[in-house]
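S.K.: For reference, the chains in residue letters:
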Amino acid sequence: MKYVIIGNGAAAIGAIEGIRSNDKKSEIVLLSKENCISYSKPQLYKMLNEENVQNIYYRNEEFYTTNNVSTILGKTLISVDFNKKILLLEDDTIKYDKLLIATGAKANVPKLKGFDGETYSFTNIDEALKLKESLVNKDKIAVLGGGLIGVKLSEYLHKMGKEVILIVSSKGVLSSLGDEKISQILNNEIIEKGVNLLLSTKIVGAKKIDSKIELKLEKENIICEAIVSCKGVKPEVSPFEKTELSIDQGIKVDDHMKTNIDDVFAAGDVTEMYNSIEDGYCNIPILPNAYGGGYCAGINMSGGDAKIDSVYPMNSLQIFDVQMITMGLLSSAEKDEVITMFDSKKRIYRKLVIREGKLIGAALLGDIDRAGILNNIIKCNLDVSAIKEELLNSKINFYVLPRNMREVIVKSYIEGIK
Amino acid sequence: MKRRIICNEDFCIGCRLCEVHCNVKHSKSRDIILAYKYEKEKEPSRMTFEQKEQVCGSIVCMNCKDPLCIKACSMGAIKIEDGTVIIDTDRCVGCWMCVMVCPFGAIKRGDKKAFKCDHCHDEEVPICVLNCPNKALMYEAD
Amino acid sequence: MNKFPREKDISGCSIFGLINTDGEKVSGSVITEAISVLHDRANGLGGGFSGYGIYPDYPDDYAFHLFFDSVKAKEETEELINKHFLIEYDEKIRTDNSINLPNKPLLWRYFVKNRNILSKDSEREETFKAVMDINNNIEGAYVISSGKNMGVFKGVGYPEDISKFYRLEDYSGYIWTAHGRFPTNTPGWWGGAHPFGLLDWTIVHNGEISSYDTNRRYLEMYGYKCNLVTDTEVITYLFDFLVRKNNLTLPLASKILASPMWVDIDRMEEKKRELLKALRMTYAGALLTGPFSVILGFENGIMGLGDRLKLRPLLVGKNENTVYMSSEECAVRKICPDLDSVYRPKGGEPAIALLDGKYV
Amino acid sequence: MSSVIPEFIVDKNEDRCIKCKVCVRQCSEEVFKYFEEFDLIRIYNDKCVGCHRCEMMCPTDALTITKNNALYKENFHWSSYTINSIKKQAETGGMILTGSGNDKAYVSYWDRMLLDASQVTNPPIDPLREPMELRTYLGKKPDRITLKEENGEVSLETKLSPQIKLETPIMFSAMSYGSISLNACESLASAASKLGTFYNTGEGGLHKKLYKYGKNTIGQIASGRFGVDTDYLDTCAAIEIKIGQGAKPGIGGHLPGEKVTVEISETRMIPSGTDAISPAPHHDIYSIEDLKQLISLIKEATNYEKPVFVKIAAVHNSAAIASGIVRAGADVIVIDGFRGGTGAAPSVIRDNTGIPIEVALAVIDQRLRDESIRNEVSIVAAGGIRSSADAVKAMALGADAVYIATAALIAMGCTLCQKCYKGKCNWGLTTQDPVLTRRLNPELGSQRLTNLVNSWNLEIKEILGSMGINAIEALRGNRLRLRGVGLTELESKILGIEHAGM
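Order-wise, the sequence lines are chains A, B, C and D.
Here the first sequence stands for residues 1 to 418, where the numbers follow my numbering.
Here the second sequence stands for residues 1 to 142, where the numbers follow my numbering.
Here the third sequence stands for residues 1 to 360, where the numbers follow my numbering.
Here the fourth sequence stands for residues 1 to 502, where the numbers follow my numbering.
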C-alpha cells in the first residue's frame, strides 16, 4: 500500500495521523509545492515579525520521520492520471494506491485597473516573506478587503508601526459573518486603535507614482506605498481542472471524505463539504475542518471507517482587544428566531440564532469562555426552546442542559460514539 | 493510562473544595494559606463548578476518546500523552480554538495560554478527588 | 465453716483414667502409681479417685459417698435418704488414719434402693433430686458420689496420700480415674477435690473454662444448683443434662460442649450441618470455651475430651484390653511401658472407650 | 426580639480565612452570609446549632465553634439550659422539642462495669491466631433437640423456629425513612448486607430502591402501620412490632406534612404532604393478649417463616412485661433503654422517662431464666450503646445482640447537635431537603458504617480473646466476667454482678 498526500497543511497532517492510527507500516509520500514543514495558516501574520517566526509551525521537524513519511517538498504537481493512478510532476511521476488531495486554497487577487506594480497577498509563507521584505522601507500600507485576513493583517501591520489604510467594500469588517452588530463593534475598535478604516469604499484602480502608489477610490484618491490584497481565498484545484474529478466551489467529498473517483480522497480548504446547517455543499476554509477532514480521510484510506462530523463555519479570533467566537449561521433567515444580548459597559455581546427550536448559530463577543458548550449544542442539534434565555443571559453553563442529555454527551465523548 | 474525573451530581454538595484544592495544588507554594492570601499570580480554577437550581457538580477535562480540541488547535499544541490530553504551553499561542470546541467548557483561558485540568498526573489520585468530602468526584483510569 | 466458696474455684491439675474394656478388674494401687508420677502437677491441696465395679456386693444399689461436718448433718441426711430410699447397708468409709490430712470430715457410705419401683429414667431423676436436696439444703453434708457400683474417693492432700488414706489397694475396679489438684484459692475443703460425681458420672478435669457463668446460669434454668463454683461441677452437670435429660449420645454431647467452628459446620453435608447447627444454636449455653481436658467416667466406659482449640493436653493409649487416658504420657508409661497405640485426640474430638470392648 | 442567649459562638480566624465560602455554602442554618460588596463573611451566632459542619469543612481550620461561656450566672439549680428553656416556652407557649437521646447526667452503668481478663490459670486467646466466632442466631430456640435415626444415620427431628443469622451481634436499630434520608437508609441497608447483619426500617416502610437489601432488613410495624403490605412482609427477613421507644416511652411519633415528600408518601402509603402520625398506643393493642394476636397474625401472614420481634422501651416493670411478651409468642424481644435516640420528642419526656438499658437488660434476662424461658427468646439490647465495650457488657449481662443507631448516625457524620426535629440536618441525615440529603453519599455512608462495625468486631474479638473466650455465645450471660465499680450492694444485686474485689 502506498499513500500519497498532496499538500502539507493541517489536512495533510491530519491524514498522516489518521493513516498511522491504523497502518503503522505502509509507505506515505507527501508532496508539497512549498519548501517548508507544515505551518499554521491562522498564525501566518507572525512571519512578519522576526521573533515570532518559530511560533507558526504546526508540527516540529521530527514529525515526518517519527511517522515515517517521505516528503517531496518544493515540487509542483502538474496533473493526475486517475486511471493509471499516477501523479505527474514537472520532472517526475509518482504512483499511488490511495491519494489524498489537500492542496488547500490560494489567494484571490483581483487585478487592479491600471496598476502594473506588485499587489501583495498574504495566504502562505512565500507571500508573507515577500511582503515582509518589501515592508522594510515602507510605512503606509493599503490593505484591501475587510475579511478575516485583511483585518488581522491590518492589526498586525499597525502594531508594527505602519500606517494602515483598510479599505472595505461593505459597510463593516467581517461582513461575511452576517452580523451587523459585530461589524459595528469591530469597526469602532479598529478605528479607535488608529487604523484608517474606509468603509463602503470601492477601488476603481491604481497607479504607480515613483516609489508610491496612488490608489483610486470612487470619491477620492489616496497615496500609499504598498497594496496588500486580501480578497479571500479559493480552492487550489488547478492541477485537476481537466480531469474527471468533480469540482464545484471546491472538490466535492462525501462524509467519508471520498471524491467521486475511487481511492481518491480530498480534505481541507480545497474541498466542498456538506454543511448541515445550510443543507448544501460549501467550502469552509477553517483549520478544525481541515485537520478533522484529513484525519477522517486518513482513517478511511487505511481501511478504517470514519465519518466526518457535521461541518459548519466557526472561528475564534481577536481583533485588537476584542475577543470573539462565532459559530454556525449568523445571517438569519426570516423563519429563524434571533436573540441578542449586549452589555455596552463590559463590551459583551451574545447572539443566538434558533431555527425550529434548535440552535444553529451563535456569536460570543467579549466573554468567550466555555463557547464549546454552545458549539456542541449546535453540533448535536439539541432543542434549546426551554433554555434559550439562560444560554443568552447567564454564564455559559453545562448544567443548563437536562441531566439525561448531559449524561449522553459525556458518555459519547468518553467513548467516542457520535 | 487514561484518567478521568467524573462528578456524580447526586452527591455533589456544592462545597467547591475541589476548586480550592486544585488551586492550591497548582500554586507555587502548594500551601493553602500562602496560595490564597500571599501569592500574587493566580490562575483561574481548572475546575468548573456548575450549578443549576438545586443541582450542582464540577466539570473538568474528560479526556475524550476523540478530542475535538486536538483537531481544532491551530498550533498542534494539544496532544494525547499516556491517554491524557495535554496542552503544550510552549506551543500554545492563545488562539482559543480549543475553547471554541470543548463540549464541556473545560479549557480555560489563562494569560495568553490555554490550560485545563492535568488530571494531576504526578499524583496517584487527582487532588480534587482525594479531597472531595462526599466522594462525588470519582476517578477512573483505564 | 461456709460449705460453699463464694469465689469461682481456679486450679491447675493432672488427670488420669483407665478402663479394662473386658471388664477385668485392677486394683486401685495401679492408678495410684500412675497419678503419683504427676506429683508435681498437684500442690497437696486436692487429690481423688473414682472407681467403677468396686462394689460387686451391691451392684444394683446407689452407692452414696458422703462427707459430713457433724453428726447432726449425718442424722438430717439419713432422715432425708430414708424418705426416698431404703438403706440396704451403710458404713463408715474405711480409712487409714495414720495418714495425716487436714480437716478430715466424717466419711460415710450408703447403699440405697428406691422405695418405689420406677423406670430407670425416673429412678435416676429421683436420685438426682435427692442429691441436689442434700447438697443444697443440709448444712454440713455433701454427697460426693451417687452412682451404682462405683464410688468417689477424694480429699485434701496429694493423690498418693489420698489413695493410702482410703486404702484404695483394697478396691478393684474395671474403670478408674484419678486427679491431682493445684488449686489457687480454695480453702482446704474436701468437697472441692476431684473427681466430681453425680449419679454414675464422674469428671476429672484439667483447665479452666472461660464460659463458666454462661454455663452455670444455663444449667440453673433446668434445676441444677452449682454450689461448688467449680468447672468440674458444671461440666458434670452439662453431661448429665445433655445425655441423661436430653437423650443425646456422648459424641453429640461432645459436639455441643466443644462445638466445631461455624466455618467447619458450614462446610458439612446438609443433614449433618443442619443437625450440628441446631445443636449449637439450641444448646449455646452449654458451649465450653477456654482450656480444658476432661476424663468422664460413667457406668460402662470413659471418655476423654479436650477443648476445641486444644489448649490442654490429652493422651489416649491402648494396650491389649486396657485403654489409658491422661494429661501426661509419662503417667501411662509408668504403669504400662509398652503401648499398642498412642494418640492425642484433636480438640473437640471425643475419645470413648466402652466396657464391651468398643473403643472409639 | 428573642430573649434567648445564643448557645454557641462562631469564631473565625481572619489570618487563616481564605474566603473560599465553604461555610456559607454548607451551613443550612444560614449562620454565614457573604456580602460581595464588602467581601465580607458575616456571622450570625444566634442561628448556630453547634453541629460543627462548617468547622469540619473549613479547609484552613479558620473556624472554631465554642460554647457561649458568657451564659447566665452559674447556678447549680437553675442551669443555663433550664433558664433558656423557660424563656423559649415563655416566648412560644409550646413544648420544647429535641432530638437524639437523653443527654442528662444520669448514671451510666456501662461505665461502672469492668471486664475480666485471663491471667496464668487460663490463657488468653490471640484472635489473630485462633478462630474467634461472633456468629449469632436470633430466634426462639427449642428447649431440647430430638433426633431421628434412618438407616443408621442420625438426623434432626425437631423443626426449629425461624432464625436470622448475624455474622456480628451488632445490628442497626430502627430509623425510618422520613426521620432520616433515603441515602442514610441505603447506607444502613448496604452496610448491613456487607456485614452480614441487619438494619431496621423504623416504621417508614421500605422504599423500592431498598428491596434488594431485603435479606438484611427487619421490617418494623408500629402504631401508624405505615408502609405495611404483603410485599413489605414478604421482603423483610424479620418483622418487628414496635410497642415503645427508649427515647420517648409512651409517646407516639409525628412526621410533619412538609417532610412527607412524594417518595416518602409512596413508601409509607399515605397521601403526600399529610402529617404521618403514629399514635402513642397501637389502637389494636390495649393489653398483652392483643399483642399475642398481632404476633400470631404476622406469623400467619408470613407463613411462620420469619421471626417476630417485639420492641419495648425500658420502663419500671420491664421484666414482667418481657415475660409476658415471651409468652405471647415473640421470637425476639428488643429492649430500648432511656438513652436511645429519636428524631423528635418533647424534651421533658426524653429527659425524664424510662430506665437504663443495663438495668432493664439484667433484670429481664434473669427473670426469663428464673422462669426457664430464656431459651425461648433472643434478647436484643438497644438504646445508647456507644462502643464495643458497651456491646460486650450488654452481652455479658445477657443480651444476644445489640442494636445501635446513634453510633451509626455518628459514623455517618452526626455530631449530636440534637436538632433532628428541625429537618435541616447539615449532615444530610435527618432531613428530606434534596440539597442536604445529597450530602450523604450512600457508598461513603455504607463504608463508614462497615468500618465502624468491623472495628467493633475486632475489638470484641480482642476482648473475648483476653477473657479466653472464642465464641460469642460463651459470653452471653457470663456475668462472672463483669465486675462493678462504685456500685451499691443493691445495684450490684440488680445487675447480678459482683463488685470489683470479690
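Treat the hints with care, as some may be off.
What the hints assert, rightly or not - For lysine-lysine, the following DSBU-like pairs were computed, each having C-alpha atoms within a straight-line distance of at most 30 Å:
{"#": "1", "chain 1": "A", "residue 1": "Lys231", "chain 2": "A", "residue 2": "Lys95"}
{"#": "2", "chain 1": "D", "residue 1": "Lys19", "chain 2": "A", "residue 2": "Lys345"}
{"#": "3", "chain 1": "A", "residue 1": "Lys159", "chain 2": "A", "residue 2": "Lys231"}
{"#": "4", "chain 1": "A", "residue 1": "Lys130", "chain 2": "B", "residue 2": "Lys42"}
{"#": "5", "chain 1": "D", "residue 1": "Lys21", "chain 2": "B", "residue 2": "Lys25"}
{"#": "6", "chain 1": "B", "residue 1": "Lys42", "chain 2": "A", "residue 2": "Lys46"}
{"#": "7", "chain 1": "D", "residue 1": "Lys140", "chain 2": "C", "residue 2": "Lys271"}
{"#": "8", "chain 1": "D", "residue 1": "Lys21", "chain 2": "C", "residue 2": "Lys310"}
Read the hints as simulated data drawn from the structure, not as lab findings.
S.K.: Does each hint fit the structure? Answer for all of them.
M.R.: Outcome of the hint check:
As the CA atoms of Lys231/A and Lys95/A are separated by approximately 36 Å, the hinted pair breaks the 30 Å bound. For the proposed pair Lys19/D and Lys345/A, the alpha carbon gap of about 28 Å is at most 30 Å, so the pair holds. Taking the CA atoms of Lys159/A and Lys231/A, the gap is about 22 Å. The hint holds against a cut of 30 Å. Distance restraint check for Lys130/A and Lys42/B: the Cα-Cα separation of roughly 42 Å exceeds the 30 Å cut-off, and the hinted pair is therefore not satisfied.
At most 30 Å may separate the alpha-carbon atoms for a hinted pair to count; Lys21/D and Lys25/B meet this at roughly 19 Å. Only pairs whose Cα atoms come within 30 Å are accepted, and Lys42/B paired with Lys46/A is accepted, the gap being roughly 29 Å. Annotation: proposed proximity of Lys140/D to Lys271/C holds, straight-line Cα distance about 21 Å (limit 30 Å). Taking the CA atoms of Lys21/D and Lys310/C, the gap is near 63 Å; set against the 30 Å cutoff, the hint is violated.
The structure does not agree with the numbered hints 1, 4, 8 stated previously, though it agrees with the rest.
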